[in-house]
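J.: In my numbering, the protein residues as written are 2 to 570.
Since the hints were derived computationally from the structure, they do not count as laboratory data.
Just to be clear, a hint being listed does not mean it is correct.
With a straight-line Cα cutoff of 25 Å, these simulated DMTMM-like cross-link-like pairs (lysine to aspartate or glutamate) come out [to be verified]:
1) 546 with 527
2) 492 with 432
3) 428 with 196
4) 264 with 374
5) 428 with 471
6) 428 with 377
7) 545 with 164
8) 216 with 196
9) 428 with 342
10) 176 with 163
11) 321 with 527
12) 321 with 85
13) 264 with 347
14) 304 with 142
15) 216 with 302
16) 494 with 484
17) 333 with 432
18) 82 with 103
19) 176 with 489
20) 428 with 347
21) 350 with 364
22) 333 with 501
23) 545 with 489
24) 82 with 434
25) 545 with 501
26) 469 with 448
27) 518 with 484
28) 545 with 85
29) 321 with 355
30) 304 with 527
31) 376 with 388
32) 518 with 163
33) 304 with 509
34) 383 with 471
35) 518 with 355
36) 304 with 456
37) 216 with 257
38) 333 with 512
39) 264 with 340
40) 376 with 432
Owing to the predicted nature of the structure, the values given are computational and were not obtained by experimental measurement.
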Amino acid sequence: MLGRPGLSRTGSFRPENLGQNALHMIGNLCFTIFVIGVLVFTIIAATYEPEDPLFHPSTKLTTFLTSTSNATFQSDNTVVKTGEDFMAANQTAFATFINVTDVLEIKEERTDQTSSSECEGDSRKPLNCRDPEVFHLMMKEAIERFKDIHFYRFGKPAPGPEENTCDMAWRFRPKEGKTAAFYKDYRRFVINRSENCTLSVVSIGDYHSGVNARKRKNKNQKLGFEKTSGKQEQVVAALPVVGEAVNDSLPVVEFENAFSRGKYLIYVGGGDRCKSMNHYLWSFLCALGEAQYLNRTLVMDLKLCLSSIYTSSNQDEEGKDFRFYFDFEHLKEAASVLDHEQFWQDWNKWQKKDGLSLHLVEDFRVTPMKLSEVKDSLIMRKFGLVEPDNYWYRVCEGETESVVQRPWHLLWKSRRLMDIVLAIASKLNWDYDSVHIVRGEKARNRDLWPNLAQDTSPDALISTLQNKIEDGRNVYIATNEPDTSFFDPLKDKYSTHFLDEYKDLWDENSEWYSETKNLNNGVPVEFDGYMRVSVGTEVFLRAKKQIETFNELTNDCKDGINTCNTASS
Numbered sequence: 002m003l004g005r006p007g008l009s010r011t012g013s014f015r016p017e018n019l020g021q022n023a024l025h026m027i028g029n030l031c032f033t034i035f036v037i038g039v040l041v042f043t044i045i046a047a048t049y050e051p052e053d054p055l056f057h058p059s060t061k062l063t064t065f066l067t068s069t070s071n072a073t074f075q076s077d078n079t080v081v082k083t084g085e086d087f088m089a090a091n092q093t094a095f096a097t098f099i100n101v102t103d104v105l106e107i108k109e110e111r112t113d114q115t116s117s118s119e120c121e122g123d124s125r126k127p128l129n130c131r132d133p134e135v136f137h138l139m140m141k142e143a144i145e146r147f148k149d150i151h152f153y154r155f156g157k158p159a160p161g162p163e164e165n166t167c168d169m170a171w172r173f174r175p176k177e178g179k180t181a182a183f184y185k186d187y188r189r190f191v192i193n194r195s196e197n198c199t200l201s202v203v204s205i206g207d208y209h210s211g212v213n214a215r216k217r218k219n220k221n222q223k224l225g226f227e228k229t230s231g232k233q234e235q236v237v238a239a240l241p242v243v244g245e246a247v248n249d250s251l252p253v254v255e256f257e258n259a260f261s262r263g264k265y266l267i268y269v270g271g272g273d274r275c276k277s278m279n280h281y282l283w284s285f286l287c288a289l290g291e292a293q294y295l296n297r298t299l300v301m302d303l304k305l306c307l308s309s310i311y312t313s314s315n316q317d318e319e320g321k322d323f324r325f326y327f328d329f330e331h332l333k334e335a336a337s338v339l340d341h342e343q344f345w346q347d348w349n350k351w352q353k354k355d356g357l358s359l360h361l362v363e364d365f366r367v368t369p370m371k372l373s374e375v376k377d378s379l380i381m382r383k384f385g386l387v388e389p390d391n392y393w394y395r396v397c398e399g400e401t402e403s404v405v406q407r408p409w410h411l412l413w414k415s416r417r418l419m420d421i422v423l424a425i426a427s428k429l430n431w432d433y434d435s436v437h438i439v440r441g442e443k444a445r446n447r448d449l450w451p452n453l454a455q456d457t458s459p460d461a462l463i464s465t466l467q468n469k470i471e472d473g474r475n476v477y478i479a480t481n482e483p484d485t486s487f488f489d490p491l492k493d494k495y496s497t498h499f500l501d502e503y504k505d506l507w508d509e510n511s512e513w514y515s516e517t518k519n520l521n522n523g524v525p526v527e528f529d530g531y532m533r534v535s536v537g538t539e540v541f542l543r544a545k546k547q548i549e550t551f552n553e554l555t556n557d558c559k560d561g562i563n564t565c566n567t568a569s570s
């Protein structure tokens, strides 16, 4: 006992204190584990950058931002969806298309009521494009010529530049269309009149060749011919129409009283800038959803920062216009929004005079429900510098997610980009198949994708596709392979097409180029990576048959070896 250390004699190790010391030790251990866990989570959250889904085309337009929660940001490997993709195709609205028999019936009715054509033996008399007989002939020829589309409305013909030409517009939809949308085309008809006054169509021009028929009609003006009931007209009015002239000018509050009576919401700062487009949408629609919940006008910045993943410079690029990528005309008609530059001009002009007040919110945890009683003219949410707490979408998390819904139906794709999609599909007569071929980095990484390079080689593609696509078909190839000549061997069996084949649709002589240049204050706009993938994917999805790389061309897993069971295919 004399040589043993006297630890048992200290106060802290007395038998009566052992239980208390054990509790202290357990408490300290738990606290240490908690601190380490918080530190690890903070590091992961601060450095995590969601993978952009845009460069991973979907399998036949699957779910976008798949999540069991209505608010939490969650990336998946699908192309970015917008509101029109969520719209169910109303079969009632699409069922009442115009047949040749409908045209023949109204022609017979006209014939019973009136005399024959205005020719009256003079075949050299200038052609009257408004003549019902000319109109009926043009409708009949269009229906018989374009067999892969359904017609829903024909506009009255307009005179072309030559005496024997007439321009006519129509609203249509591909027979096998999967999206809830209508399309508009207008073409030039060359018409011949024989010696006995018989009319015949010599030729029909290319897509959008009939520019004199393009002019947008008054919505209340009933012109041309269509088959719709009152209820069907309401359904049709709610659907996007690609090919119409776009009016996406900025909304203006013209009168002081109207501005001063208004209630506004603005988001300022934050870490969302220059992130991927799906991140931007997730945050922007949170702000728009809160504005709608509070019954306020959203003051939005139409100037975006395009992430480097979409730019040819590989640098983030400021100054991109919202209207380059999304349908602002639909947004301003369906929701209350203002451009922030115009708003601040009016605010600075009338704020002091009319006593307009501002309510500042600097914590995303202040929920929209707590702001519902705020009477101030402007609610400003100001976001800090620390990510991810400065992401706008954080406002819509937690208890808010069951109250504030993101209004996806308000956000549609740019009709200018969709017009390019329409032009490509029309050039292929809506009668084509498509193949998505992933190569690039994945094909070079044999550790994760051991078979991809071989399975997407020309010889392997010819072997695989022979049982999937008929010989001689038009085949649109969506691929990240930069050298499209790599696929030249496929030309022996198919008529292959690639996106750059249609670059005249966005070059300096195109309608897209001139319109986006005008939006950009006279500065030419680059057809950037986001636009390319967006257009390419939409063309791919409008094919009659779509073949994906993974599961259909190769047995490799989309996200690498041994991930097929966990990856969404």
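J.: Given the hint that residue 518 pairs with residue 163, test it: the Cα-Cα distance must not exceed 25 Å.
T.: 31 Å, violated
J.: Is the hinted pair residue 494 and residue 484 satisfied, with a Cα-Cα distance of at most 25 Å?
T.: 19 Å, holds
J.: Is the hinted pair residue 321 and residue 527 satisfied, with a Cα-Cα distance of at most 25 Å?
T.: 10 Å, holds
J.: Sort out whether residue 340 lies within 25 Å of residue 264, counting only the CA atoms.
T.: OK: residue 264 and residue 340 at ~14 Å, within 25 Å.
J.: Mind checking the alpha carbons of residue 428 and residue 342 for me, to see if they're no more than 25 Å apart?
T.: 41 Å, violated
J.: Residue 321 and residue 355: Cα distance at most 25 Å?
T.: 34 Å, violated
J.: Run the distance test for residue 304 versus residue 456: straight-line Cα separation, threshold 25 Å.
T.: Answer violated: residue 304 to residue 456 is near 43 Å, above 25 Å.
J.: Going straight from one Cα to the other, do residue 321 and residue 85 come out at no more than 25 Å?
T.: Given that 25 Å is the threshold and the Cα spacing comes to 23 Å, the pair holds.
J.: For the pair we were handed, residue 333 and residue 512, check the Cα-Cα distance against 25 Å.
T.: 23 Å, holds
J.: Assess, step by step, whether the Cα of residue 216 is no farther than 25 Å from the Cα of residue 257, and give holds or violated.
T.: Not satisfied, since the Cα-Cα distance of roughly 34 Å exceeds 25 Å.
J.: Would the pair residue 545 and residue 501 pass a check requiring their Cα atoms to be no farther apart than 25 Å?
T.: Judged against 25 Å, a Cα distance of about 21 Å means the pair holds.
J.: For the pair supplied as a hint, residue 264 and residue 347, is the alpha-carbon distance within the 25 Å limit?
T.: Given that 25 Å is the threshold and the Cα spacing comes to 13 Å, the pair holds.
Of the numbered hints listed earlier, those contradicted by the structure are 1, 3, 6, 7, 8, 9, 10, 14, 15, 17, 18, 19, 20, 21, 22, 26, 27, 29, 31, 32, 34, 35, 36, 37, 40.
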